[in-house]
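Trainee: Read off the chains here:
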Amino acid sequence: MTATPAQTTPATLPRAGVKPGRVLMYALLVIAALFFLVPVYLLFVTALKSPDAINLATSWHWPSALNWASFADAWAKIGGNLGNSLFLAVAATILSALLGSVNGYALSKWKFRGANTLFALMLFGMFIPYQAVLIPLFQFIKALGLYGSIWGLILAHVVYGIPITTLIFRNFYADVPDALIEAATIDGAGFWSIYSKVIFPISVPGFVVVIIWQFTQVWNEFLFAATLTNTSSQPVTYALSQLSGGQAVSWNLPMAGAILAALPTLLVYIVLGRYFVRGLLAGSVKG
Amino acid sequence: MKGLSKDRLWSIAVLTPSIILIAVFVYGFIARSVYVSMTDWGNDPAQALAEHPIIRWVGLANYGELFTGFLQGRFRQELVSTIFFTVLFIAGCLILGLGLALILDRNPRGEGVWRTIFLFPMSLSFIVTGTIWRWMLQPQGGVNMAPTLVGGAPSTFPWLSSTDSVLKFDWNKLPLLTASVVAVVLIVVAVRAMQAGDRRRTVVAAVCAGVLLLWALFVGPNLKMLPAPEYHGFNLALIGIIIAAVWQMSGYTMALYLAGLRGIPEELREAAKVDGANDYGMYRHVIFPLLSPITLSAMIILGHISLKIFDLVYAMAGPDNLQTSVPALNMYLTSFRQNQFSLGAAIGTVLLILVAFIIVPYLASQFRTEEGHA
Numbered sequence: 001m002t003a004t005p006a007q008t009t010p011a012t013l014p015r016a017g018v019k020p021g022r023v024l025m026y027a028l029l030v031i032a033a034l035f036f037l038v039p040v041y042l043l044f045v046t047a048l049k050s051p052d053a054i055n056l057a058t059s060w061h062w063p064s065a066l067n068w069a070s071f072a073d074a075w076a077k078i079g080g081n082l083g084n085s086l087f088l089a090v091a092a093t094i095l096s097a098l099l100g101s102v103n104g105y106a107l108s109k110w111k112f113r114g115a116n117t118l119f120a121l122m123l124f125g126m127f128i129p130y131q132a133v134l135i136p137l138f139q140f141i142k143a144l145g146l147y148g149s150i151w152g153l154i155l156a157h158v159v160y161g162i163p164i165t166t167l168i169f170r171n172f173y174a175d176v177p178d179a180l181i182e183a184a185t186i187d188g189a190g191f192w193s194i195y196s197k198v199i200f201p202i203s204v205p206g207f208v209v210v211i212i213w214q215f216t217q218v219w220n221e222f223l224f225a226a227t228l229t230n231t232s233s234q235p236v237t238y239a240l241s242q243l244s245g246g247q248a249v250s251w252n253l254p255m256a257g258a259i260l261a262a263l264p265t266l267l268v269y270i271v272l273g274r275y276f277v278r279g280l281l282a283g284s285v286k287g
Numbered sequence: 001m002k003g004l005s006k007d008r009l010w011s012i013a014v015l016t017p018s019i020i021l022i023a024v025f026v027y028g029f030i031a032r033s034v035y036v037s038m039t040d041w042g043n044d045p046a047q048a049l050a051e052h053p054i055i056r057w058v059g060l061a062n063y064g065e066l067f068t069g070f071l072q073g074r075f076r077q078e079l080v081s082t083i084f085f086t087v088l089f090i091a092g093c094l095i096l097g098l099g100l101a102l103i104l105d106r107n108p109r110g111e112g113v114w115r116t117i118f119l120f121p122m123s124l125s126f127i128v129t130g131t132i133w134r135w136m137l138q139p140q141g142g143v144n145m146a147p148t149l150v151g152g153a154p155s156t157f158p159w160l161s162s163t164d165s166v167l168k169f170d171w172n173k174l175p176l177l178t179a180s181v182v183a184v185v186l187i188v189v190a191v192r193a194m195q196a197g198d199r200r201r202t203v204v205a206a207v208c209a210g211v212l213l214l215w216a217l218f219v220g221p222n223l224k225m226l227p228a229p230e231y232h233g234f235n236l237a238l239i240g241i242i243i244a245a246v247w248q249m250s251g252y253t254m255a256l257y258l259a260g261l262r263g264i265p266e267e268l269r270e271a272a273k274v275d276g277a278n279d280y281g282m283y284r285h286v287i288f289p290l291l292s293p294i295t296l297s298a299m300i301i302l303g304h305i306s307l308k309i310f311d312l313v314y315a316m317a318g319p320d321n322l323q324t325s326v327p328a329l330n331m332y333l334t335s336f337r338q339n340q341f342s343l344g345a346a347i348g349t350v351l352l353i354l355v356a357f358i359i360v361p362y363l364a365s366q367f368r369t370e371e372g373h374a
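In the order they appear, the protein sequences are chains A and B. full-length UniProt numbering applies: residue 1 is where the first sequence begins, and numbers increase by one. full-length UniProt numbering applies: residue 1 is where the second sequence begins, and numbers increase by one.
Any given hint might turn out to be false.
What the hints assert, rightly or not - Derived DSS-like pairs (lysine-lysine); straight-line CA-CA distance at most 25 Å:
#1 B:K224 x B:K173
#2 B:K273 x A:K19
#3 B:K273 x B:K224
#4 A:K197 x B:K6
#5 A:K19 x A:K111
#6 A:K111 x B:K6
As the list claims (entries may be wrong) - Footprint (simulated), chain B over chain A, 3 or more residues, beta carbon under 8 Å:
#7 65–72
#8 89–95
#9 167–180
#10 222–235
#11 257–271
#12 277–284
Quick caveat, the hints were computed from the structure, so don't treat them as lab data. The beta carbon of each residue, even a glycine, is placed where N, CA and C say it ideally should be.
Only chain B is shown next, with the shape it has when bound in the complex (with noise of 0.2 Å):
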């Protein structure tokens, strides 16, 4: 008994500097970068190198400045390219992904050569990545150039610098269709929970969902974010930049469900058989709801490597390009270039809010099923 709680205090003293690393690194950095954030380091610029800044608390008045400020359209462009483009570059992945491990579970010759083919982007670099297709996507060049060789017209789509964007909407209706989009999603909740016949799940989800919508309806269009209408949309320009992520990391989605695929027994395929299932009724009925948990997890996951994408388009697009920015580029250039560090401090806060949305219900439901069983 002696000996094993020994043995339990090395353990604890092996994790020891990790926690301290991690304790350190990860929360005590967090912690100073929000309080950062709520500081006015950088704002003047004689300031902010000096040996002993004068650094001011001002409260969240730089998260103000981003939502509200005059100057910071670029930052509420970015952030709504940045949603737009993690749905797109999920969706892409997915389906892709998907497509591929179908196939490659059916045993096509040399298996081996084709899932080679189709991961290999996986071990580059986004600089790499974002180098080569910056040379595919050059207006007059490359993807452009593909029709003719086959006689067709060069096309002319300007993709990396094309202005146009789509779905444009006035950021000061914000509160409103955010407003209204959570009221929609309560709705479904409260439906769902009262098919399932939870009578206080239902009553809560539409009691909210009410409150919503009448602060939508009644509140919500008397506010004013900005003076003046301000529209944001989904770029154009992030096209290409979306097709270069969903070519590498599709890839990852495909080892995933192939993964999966596998790990059904064969006996399960073989009893939807006898039951008298088809292709399409086994997949509909038996495969696809046995990779569902892969979905969410890919989707996790590649939902937070596409909130925090940056070098890809820094490599793609140049750190300039304001059709292609989003804030994790906008936060390093903030941060390094132009040394307001509260500014981007405050960037890379709303990126972690953001990420953090995704992550830990993700992490709390792994452990939770775990520590159960434990």
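Next up, chain A with everything else stripped away, as it sits in the complex (with noise of 0.2 Å):
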């Protein structure tokens, strides 16, 4: 049944008319949109204008002459960041998924003594302020000679992504029946027979849920990225902030990159919103 505000309601008003109710609250839903999608009509705007169509008295009108041109300028200046953070994002995300994916496996299906305890531990390193480790990592990946790489950088992703990876894995797998893992060692599977045939084959939606949470973290995250790369291999977080950060830059510059920067974490937030929330709603440690 629906909720209604009846109580709060006069009783003289028809039943069947529009309860005021009702409309306040579209009016608080078109409010709290607009403050929302307010700044992207703005990015938009500001996007399609020609630099010198651009003045700040006018930032909110409508351009009178379209100016793709934009977004073509902005492709050349971190369309090759672009193809650094798809190239890091993806790599980061696989290696990470699959880490996590066995890593739950083990610490939800074979629980040892110390398991609980031990997960908190690895759990901690999600929270910490990467600034706390930024000085050691940096000393360490240049001694890996990964400074200036992706590689350095995808390393760093999975190693602190093993806490959040693991833990979504481990939720999830801690709604797969025991008996079932049971049912298949009375068979003669072992852990890893059980892993490929009973788990893995049920992990589809985990690993959705893990990808694009990772994924959206990866190709998102700036400060490994300022810290570990250099201009070939820096990520497009790091070249947007260059991009905007510039004084002689025109705003429809930033603007278009912005957008070509939001365009696949957004794409993959639109297309399979529902797991992105579970990954978030994950990410809030329900134990």
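The task is to assemble the complex, starting from two chains supplied on their own in separate frames and drawing on the hints.
Mentor: As structure tokens, this is what we get:
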């Protein structure tokens, strides 16, 4: 049944009529939606203006002529970085999803004494401010000879992704009945054959959540990107920050760049939103 | 039985690489950072990037410098800023998120569309959000020009460049203020324990509060951290960044609250109605109490995000805007622009301690209950 604010509305109103409570509800929804969407309007309007048409006083106006060249210009400046980000996000996501899957399987189905404590210690890594490990991380990546290469960045993302991917898979596998595992054990299956024949085939939803979550996180990350890479390997977040930070740049360029940098994760969110939300909720640690 | 133990060995073997990686990259690196923060690496620029720099042990000198040194006023302002930022950001996200969730829980038409709209900023990077809002908050454009759309005069608030600050206090009074605040909290704890009939806790809390208050009254005022008064407060230039951060993250609290609301069994609401509760009473006595664990979760997640936020600030106000800077940004600049590694490591450690205050009790409580059931 729908919740109606009947108690607060005067009884004299006709029942079938427009209820003030509903009107107020929609009014509030529209106001909230404006708060969330107005920045998007300004983003597109500015990106579609030619540099000389961009004027602070007319920032709200729809452009008289659409200037699609902004996107080509932005692509020329950060296209390579988008490629870096894509490679980085895909590689780091696949590796951390696989690692998280076997970790979650081991932690939820083959519990040993102290497994929970171990997991809590692992999970702490998800919350630390990376500033507290940045200098040793930088030294370490440098010592490995990976500074300035995308592989150093992948390593960092895979390692610091272990807590969250393990957490998501652990919670996902917790819902798989233990009886299933026991039955397979009686049939003579061991750790790996249970994983490959029972667990892995039903893991698709878990993988979807983890892949979306990790892809978004890695794509959007900035601190490691700024610290561990150089010009040739910088991901798009860093390139975008440089694009908008410069003084002489006209504003259509960073706006178009922001759209390009936002598109992949935005698409993932719009197409697979349900799983995105599930990842979000998993991040709030419901043990 | 033998097969079972082999399987358990496999499970430990599978976890070993991750355990080693976390041990090194989290705990090892934290230890290394703490060590670096107690050296003078980088304090002499000539030595910072040398092949074999001469590094000396200096103990807590870097921390002393951060909290009381003449040159580190920027850090102290950032520490104050980050506290204000965190409180306002959490409050904004909770209020907006709860409001949106309560509305969506009333099943408006097109619920999925509304939800999508409120949640999409979550999928963006703070750098993208920052780039957009930097343009929105230009002094002579965007938000400030919005009133002209309805015929009003443009606003003139200097969003990211305001130098005004409110709620200022003298840094020298910090020990005094902290002691007083903690004492007040302890008094509340004591009163609550007394009401609950827990005599031991009442006595302990009351005695601690008393000692702190005595300290604040008699020792605190004589303590001088700095030779001259140094005022810090809430910089108004941060307001714009807080709004952008709430824009990005309030969808998250909405999703949390909505999941919580949807998890409340319909029978419970029905029962409350049968008992004669009106809407207000039902929310006040049935729904909000059930949502309080979610509020705590959200506060903890948002709190740790906000303490380490810096990419949003970097993208919106630039790295060198003193009015809006935060410790996480300062750490990056100090370490990787000025190559003052030990000072940077000290800032990182302070951040870690702040975050640990929030996270460690949370993780401990989450896993204590779970281990009890296992």
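Trainee: Determine for every hint whether it applies to the structure shown.
Mentor: Okay, the hints, checked on the actual structure:
no. : hint            : verdict
1   : B:K224 x B:K173 : 8 Å, holds
2   : B:K273 x A:K19  : 20 Å, holds
3   : B:K273 x B:K224 : 60 Å, violated
4   : A:K197 x B:K6   : 18 Å, holds
5   : A:K19 x A:K111  : 55 Å, violated
6   : A:K111 x B:K6   : 13 Å, holds
7   : 65–72           : violated (count 0)
8   : 89–95           : violated (count 0)
9   : 167–180         : violated (count 0)
10  : 222–235         : holds (count 4)
11  : 257–271         : holds (count 9)
12  : 277–284         : holds (count 5)
In this structure, the hints that do not hold are numbers 3, 5, 7, 8, 9, in rising order.
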